[in-house]
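*Asks:* Sequence:
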Amino acid sequence: MSPPNENWIDYLRSKREQFLMNRKSNLGLDYLHDSKSWDAIFEQEWIVLQGKLIAPENLNDLPENISDLIEPIQTPEIIEKIEIGEHLINLYYYEDFIMLSNQGIFREPRFLIDKGRKWEKKAIESVTQYGYQHIGFHKEYLEFMEA
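Note that my numbering has the sequence shown beginning at 116, numbered continuously upward.
A couple of the hints might just be wrong.
[To be verified] BS3-like, lysine-lysine: derived pairs with alpha carbons at most 25 angstroms apart: (1) Lys237 / Lys196; (2) Lys230 / Lys254; (3) Lys254 / Lys236; (4) Lys230 / Lys196; (5) Lys196 / Lys236; (6) Lys130 / Lys167; (7) Lys139 / Lys151; (8) Lys130 / Lys151; (9) Lys139 / Lys167; (10) Lys167 / Lys196; (11) Lys254 / Lys237; (12) Lys233 / Lys196; (13) Lys196 / Lys254.
Just so you know, the hints here were simulated from the structure itself, not pulled from any lab data.
Using the sequences and the hints given, assemble the complete structure.
*Replies:* Written as structure tokens, this is what we have:
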């Protein structure tokens, strides 16, 4: 492995300073009350951020925005899928459905709800208020589709 290029090292130093100043500025007066603790936290954040950076092929063309160098993070699929007939249907917890719907980002045409500790009648009533119709049950889950 070859030693790091001076341009890359200088670039990282300047971005580190910008990062630290930005974090201090964002905290405002809270930073002054416990600057040593905050400095330690900021250093840890920088170490994590720096560990995700990848040097560009041409070190003479370093971008202004450090986020252009951050390695894309693969996020795992965390939604459970249940097979019903020939279809794989996403299963959501009632609370997750409400949160996603309130944010306006829930876009499933057909899905299952795990009502958790919520009363079945109340869960059905609540989900139908978001424009879905209750079409049945699958095991202990409530099944809905777009109305």
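*Asks:* Now tell me, hint by hint, if it's right for this structure.
*Replies:* Consistency of the hints with the structure:
Restraint check: the Cα-Cα separation between Lys237 and Lys196 comes to about 24 angstroms, which is no more than 25 angstroms; the hinted pair holds. With a C-alpha separation of about 12 angstroms, the suggested pair Lys230 and Lys254 falls inside the 25 angstroms cut-off, and the hint holds. Our distance criterion of 25 angstroms between C-alpha atoms is met by Lys254 and Lys236, whose separation comes to about 16 angstroms. A hinted pair counts as satisfied when its Cα atoms are at most 25 angstroms apart, and Lys230 with Lys196 qualifies at roughly 16 angstroms.
A hinted pair counts as satisfied when its Cα atoms are at most 25 angstroms apart, and Lys196 with Lys236 qualifies at roughly 24 angstroms. Using a Cα cut-off of 25 angstroms, the hinted pair Lys130 and Lys167 holds, with the two alpha carbons roughly 14 angstroms apart. Between the alpha carbons of Lys139 and Lys151 the distance comes to roughly 12 angstroms, so the proposed pair stays at or under 25 angstroms and holds. Restraint check for Lys130 and Lys151: satisfied, since their Cα atoms lie roughly 21 angstroms apart, inside the 25 angstroms limit.
Pair hint Lys139 plus Lys167 holds up; C-alpha atoms about 22 angstroms apart against a cutoff of 25 angstroms. Straight-line distance between C-alpha atoms of Lys167 and Lys196 comes to about 31 angstroms, which puts the hinted pair past the 25 angstroms bound. With a C-alpha separation of about 18 angstroms, the suggested pairing of Lys254 with Lys237 holds against the 25 angstroms cut-off. The suggested pairing of Lys233 with Lys196 holds, with an alpha-carbon distance near 21 angstroms, which does not exceed 25 angstroms.
A distance of roughly 14 angstroms separates the Cα atoms of Lys196 and Lys254; the hinted pair therefore holds under the 25 angstroms criterion.
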